[in-house]
Structure formats: C-alpha cells, structure tokens
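K.L.:
Sequence:
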Amino acid sequence: MQKKSNTQILDEFVTHVFTGEYEQAMALCNSDVKFVVFREERDSQVPIYGTHIGQDAGKIFFKNLAQMFEFGTFEMEDSIASDDYIVRFGELAHTVKNTGDVFNSLWTMIVRFDKAGKICLYRMHEDTAALEAAMHVSR
Numbered sequence: 001m002q003k004k005s006n007t008q009i010l011d012e013f014v015t016h017v018f019t020g021e022y023e024q025a026m027a028l029c030n031s032d033v034k035f036v037v038f039r040e041e042r043d044s045q046v047p048i049y050g051t052h053i054g055q056d057a058g059k060i061f062f063k064n065l066a067q068m069f070e071f072g073t074f075e076m077e078d079s080i081a082s083d084d085y086i087v088r089f090g091e092l093a094h095t096v097k098n099t100g101d102v103f104n105s106l107w108t109m110i111v112r113f114d115k116a117g118k119i120c121l122y123r124m125h126e127d128t129a130a131l132e133a134a135m136h137v138s139r
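The numbering used here puts the first residue of the sequence shown at 1, with every later residue one more than the last.
Hint data in this document are derived by calculation from the structure and do not stem from the laboratory. Every residue gets a Cβ at the ideal spot worked out from N, C-alpha and C, and that includes glycine. Among the hints, erroneous ones may be present.
[As the list claims (entries may be wrong)] Subject to a maximum C-alpha distance of 25 Å in a straight line, what follows is the list of computed BS3-like cross-link-like pairs (lysine-lysine):
1. K4 with K118
2. K63 with K34
3. K97 with K63
4. K118 with K59
5. K115 with K97
6. K34 with K3
7. K3 with K97
8. K4 with K115
9. K97 with K59
10. K4 with K34
11. K4 with K59
12. K63 with K118
13. K115 with K34
14. K59 with K115
[Said to hold, decoys possible] Label-pair distances were calculated between CB atoms; the ranges are:
15. G117 with R139: 37 to 45 Å
16. K97 with T128: 37 to 45 Å
17. S5 with R139: 22 to 30 Å
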C-alpha cells in the first residue's frame, strides 16, 4: 500500500473536521499535536483563541468551533508544500450562531508533519477584527 502524501492527509483531516468526525481527524495527528488559533494566548471573550495541545484539546477546540459557527464557504485559493510543511490560503464565510452575523475573512493555514506523516502543528490565521465584530465582542 502506498503511503499517503501530506497533502492527502491534510485533505482528509479538513474533511473530518468539517463533518464532525473529530476522532478520525485526531487519528491523523501525533499525540502532542499543537493547535494555535489566531493568537497563542487564550481569550475569555473568544474561546477558540489560543494554543491547544494534544488530541483531546484538539477535539474540544473543533467541537467549540462547530458550536460557534454555522459553516459556510471555506475555499482554498492555493497551497504551498515542502517536505514537512503545507501552507494553504483562501477565503471563508461562516455565520456566528449567537449573533447571526457572517464572519468573512481571508485565512492562512500552516501545518507541519512529523517524520511518521502525522500532523504535529496546525496554525490558523484569520481576520480577528472581523471575527470579533461578527461576534459583537467589545474591547
């Protein structure tokens, strides 16, 4: 059986996340996977911000994401791959469930793979000002 490419693994991971199959998504990650979402620090007003370490923390993060948003479009414009990294970027539009407002943003995803082909780092960068406006966060 031919080994899957990192691109194929990441495609599977994203599909599992968007379909709520968090166990299957985490099976594609190493046990110490690090999810960094927008900012490394946590934020009480935006619970998805911060660093989430390990598969259990990853499952909680993605479940929280699904509770916050009605997923709309998530379109990839392009992808850049090297031996251990994949960088993807595109546009998204998700509805914030609590407010009904649409969060429109450009996004960048940076993913690193370990030697076994497991995801060990997943970083998402999006327009945090647009997110906070759609969530009606006041600073």
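K.L.:
Each hint: holds or not?
P.N.:
Quick rundown of the hints versus the structure:
1. K4 with K118: holds (11 Å)
2. K63 with K34: holds (16 Å)
3. K97 with K63: It holds: about 14 Å lies between the C-alpha atoms, which stays within 25 Å.
4. K118 with K59: Between K118 and K59 the Cα gap is close to 16 Å, so the pair holds against 25 Å.
5. K115 with K97: violated (39 Å)
6. K34 with K3: holds (23 Å)
7. K3 with K97: violated (39 Å)
8. K4 with K115: It holds: about 13 Å lies between the C-alpha atoms, which stays within 25 Å.
9. K97 with K59: This hinted pair holds, its Cα atoms lying about 20 Å apart.
10. K4 with K34: holds (21 Å)
11. K4 with K59: holds (23 Å)
12. K63 with K118: The given pair, whose Cα atoms are some 21 Å apart, holds under the 25 Å limit.
13. K115 with K34: holds (16 Å)
14. K59 with K115: Judged against 25 Å, a Cα distance of about 23 Å means the pair holds.
15. G117 with R139: 37 to 45 Å: For R139 against G117, whose Cβ atoms are near 41 Å apart, the range 37 to 45 Å holds.
16. K97 with T128: 37 to 45 Å: violated (18 Å)
17. S5 with R139: 22 to 30 Å: 42 Å Cβ-Cβ, so the 22 to 30 Å window is violated.
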